[in-house]
Amino acid sequence: MSEVSEEKEQSLFKAPPVAEQERMIEAMLFASAEPLTTRDMAERMPHGSDPAEALVHLRKRYEGRGVRVVKVGDAWAIRTAPDLGYLMSRETIETRKLSRAAIETLAIIAYHQPVTRAEIEEIRGVAVSRGTVDQLLEMEWVRFGRRKMTPGRPVTFVVTQEFLDHFGLESARDLPGLKELRAAGLLDNRPPPGTMPTMGSEDGDEDEGAPGQNELFED
Amino acid sequence: MSEVSEEKEQSLFKAPPVAEQERMIEAMLFASAEPLTTRDMAERMPHGSDPAEALVHLRKRYEGRGVRVVKVGDAWAIRTAPDLGYLMSRETIETRKLSRAAIETLAIIAYHQPVTRAEIEEIRGVAVSRGTVDQLLEMEWVRFGRRKMTPGRPVTFVVTQEFLDHFGLESARDLPGLKELRAAGLLDNRPPPGTMPTMGSEDGDEDEGAPGQNELFED
Amino acid sequence: MVEDDFDRDERPVNVAERLAAEALIVDVDGFEGPLDLLLTLSRTQKVDLRKISVLELARQYLAFVEQAKALRLELAADYLVMAAWLAFLKSRLLLPPDPTEDGPSGEDLAAHLAFQLERLQAMRDCAARLMGRDRLGRDFFARGIPEDVARLRRVTYTATLLDLMQGYARIRTRDEFRPFVMDRDALFTMEQALERMRGLIGFAGTWTDIVSYLPEGFTADPGRRRSATASTFAAALELVKEGRAELRQAEVFAPIELRRRD
Chain A
1 MSEVSEEKEQ SLFKAPPVAE QERMIEAMLF ASAEPLTTRD MAERMPHGSD PAEALVHLRK
61 RYEGRGVRVV KVGDAWAIRT APDLGYLMSR ETIETRKLSR AAIETLAIIA YHQPVTRAEI
121 EEIRGVAVSR GTVDQLLEME WVRFGRRKMT PGRPVTFVVT QEFLDHFGLE SARDLPGLKE
181 LRAAGLLDNR PPPGTMPTMG SEDGDEDEGA PGQNELFED
Chain B
1 MSEVSEEKEQ SLFKAPPVAE QERMIEAMLF ASAEPLTTRD MAERMPHGSD PAEALVHLRK
61 RYEGRGVRVV KVGDAWAIRT APDLGYLMSR ETIETRKLSR AAIETLAIIA YHQPVTRAEI
121 EEIRGVAVSR GTVDQLLEME WVRFGRRKMT PGRPVTFVVT QEFLDHFGLE SARDLPGLKE
181 LRAAGLLDNR PPPGTMPTMG SEDGDEDEGA PGQNELFED
Chain C
1 MVEDDFDRDE RPVNVAERLA AEALIVDVDG FEGPLDLLLT LSRTQKVDLR KISVLELARQ
61 YLAFVEQAKA LRLELAADYL VMAAWLAFLK SRLLLPPDPT EDGPSGEDLA AHLAFQLERL
121 QAMRDCAARL MGRDRLGRDF FARGIPEDVA RLRRVTYTAT LLDLMQGYAR IRTRDEFRPF
181 VMDRDALFTM EQALERMRGL IGFAGTWTDI VSYLPEGFTA DPGRRRSATA STFAAALELV
241 KEGRAELRQA EVFAPIELRR RD
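Residue numbers (the working numbering), protein chains in the order written: chain A, 1 to 219; chain B, 1 to 219; chain C, 1 to 262.
Source of the hints: derived by calculation from the structure; they are not laboratory data.
A quick note: this is a predicted structure, and the numbers were derived from the prediction, not measured.
Some hints here could point you the wrong way.
Stated by the list, open to error - Derived DEER-like restraints, expressed as beta-carbon distance ranges:
{"hint": "1", "chain 1": "C", "residue 1": "R153", "chain 2": "A", "residue 2": "G152", "range": "32 to 42 Å"}
{"hint": "2", "chain 1": "A", "residue 1": "A15", "chain 2": "B", "residue 2": "R90", "range": "20 to 30 Å"}
{"hint": "3", "chain 1": "A", "residue 1": "K97", "chain 2": "C", "residue 2": "G217", "range": "28 to 38 Å"}
{"hint": "4", "chain 1": "B", "residue 1": "R90", "chain 2": "C", "residue 2": "R50", "range": "25 to 35 Å"}
{"hint": "5", "chain 1": "A", "residue 1": "S99", "chain 2": "C", "residue 2": "F253", "range": "44 to 54 Å"}
{"hint": "6", "chain 1": "C", "residue 1": "P215", "chain 2": "A", "residue 2": "G152", "range": "29 to 39 Å"}
{"hint": "7", "chain 1": "A", "residue 1": "H57", "chain 2": "C", "residue 2": "D134", "range": "19 to 29 Å"}
{"hint": "8", "chain 1": "C", "residue 1": "T158", "chain 2": "B", "residue 2": "D74", "range": "31 to 41 Å"}
By construction, the Cβ of each residue, glycine as well, lies at the ideal position given by its N, Cα and C atoms.
Chain A extracted, bound-state conformation (with noise of 0.2 Å):
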């Protein structure tokens, strides 16, 4: 500390020593909310300092390391280096369940594969937002499939190897079948109570789907 301000004093005779002017540079361009030219520098340094010069010594010191002296226009400042730009973002990642919308068209393409969008509209009684197919995709647990060999040749859907993985599955005709579903208990999972009109006519249907089902796996 006293040799620093020793210097000081004789800063008032003669300009300082380039190691010492590099210092200063050093600590005002870390400082400064702005970029600094050399006369921004000279301005501020003792009588006679050059930080052109200082500057070229500092430059040469932040080579190759984490911060870079890197020119703005015609001025001067310290910046990251670009190789170590991703330390200056932080990511979060937020794991968020499915959307049941995206589930059950998820569930339509695994059971029915190769399946067109109509199908799945047709399945799930509802229409299918381009988004829960743009997500599916996006996530990589469905793509497209062969175009159907129907009058407007729609493109399909199927299941994807990823989406295998994430669900532990071998292929897709792994998953458990309208028996087993029922067996497991899922498809009675809302007990209907007696008083129910609509759930007798729905029975048929459930063993219908099953044969048709196994079809479109057998590709």
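Model the placement of chains B and C on the given structure of chain A, informed by the hints.
Quick look at chains B and C alone, frame taken from chain A:
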């Protein structure tokens, strides 16, 4: 540059070399105006990095330079060397003028922390106005500490990381003259014998303060 | 929990106003309280605070207070309390100790006062040293152009096989798409009640409150209880009409009792 990205690829499997970690913390510390804890840094660095070790190297590297790596509580920051302050007149921040009462209160909190309002009043011999404490809280130089395990469970005040940063202290243990004061018994909480008039509003709290007193300095 | 202790509610009041208000009360001729005044007076003794003559200090303080009174200065209560205490201390120090009286001796009290003065002086010295340190934003500086850490939030979605299967089951059972019907599981219909009562009436040889015929699961929830009570009552009336039971009620709002009619 190419070797850097090579290293990054390796980092998926093992921690980057210390030199590279040093660059990383250098970049992070330069980029931040606030002190960063090693945990903050580690979270942003590749898995397996040890910022504490790299910090030792970085700190050494900046010894005697225009900026320094300083410890602030349990965090780290880069600050300009104090002897170069005169170059930064444009960056000078006008700190609010503190009243004598506020300054004294601040010193008492720093040296006696965690300290209750009653203890501050006992030391100053006068009631502590709300304004005084509010001002210190607002400046974020003091904050509430743990409640004291004495009747009434009074709140305590402690100094903050901002306080340490502002006054260039590594920790509250580095407060000037702390050891001497302790040796002289001036930091003891000496209960007033008998019928000393209590200045504070929370009579009786003062006496029981002694055990918890130096907790913050101890750890 | 920790912060709520004082004055949260009064926080928004301007700090400057409070300081001004405090200054009016506390500053007596520029002193911050009696201890501050004592400390200032002690300086006239020009000795180490540990060797200070508390007796002399008490005399000085009392003289000051007298003078203030003569000048008709408004003294804050603290100053007067201290004056009274110092007068007491003075008498303790001057008079030979009274063996019948307990409590701390005059010397103990004087020593504590000296300690307090020394401690206050020490804190003032610390405050000065603290404020004299190199300070952030004045002597040393933080980064002028901090680069903000961009916070990217990435959301990943997940689902379990069970979600998938339940989803599929939901579609295949179509309970989502059944026509809207009133949710009737809180209802106990009269048909249900009648069926139940017909089964039970054979056992009702004695008068029994019809409330005891409410089916299980319809007694706790008030809505369900109301529904079951109404339908059970209606079913009981139906049984009476059929000539299979009789009803009686002692008075208005008394229990309605039912018995088999043989």
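Okay, the hints, checked on the actual structure:
1. C:R153 x A:G152: 32 to 42 Å: 40 Å, holds
2. A:A15 x B:R90: 20 to 30 Å: Given a distance of about 21 Å, which is inside 20 to 30 Å, the answer is holds.
3. A:K97 x C:G217: 28 to 38 Å: 32 Å, holds
4. B:R90 x C:R50: 25 to 35 Å: 48 Å, violated
5. A:S99 x C:F253: 44 to 54 Å: 53 Å, holds
6. C:P215 x A:G152: 29 to 39 Å: 56 Å, violated
7. A:H57 x C:D134: 19 to 29 Å: Check passed, 26 Å falls within 19 to 29 Å.
8. C:T158 x B:D74: 31 to 41 Å: 35 Å, holds
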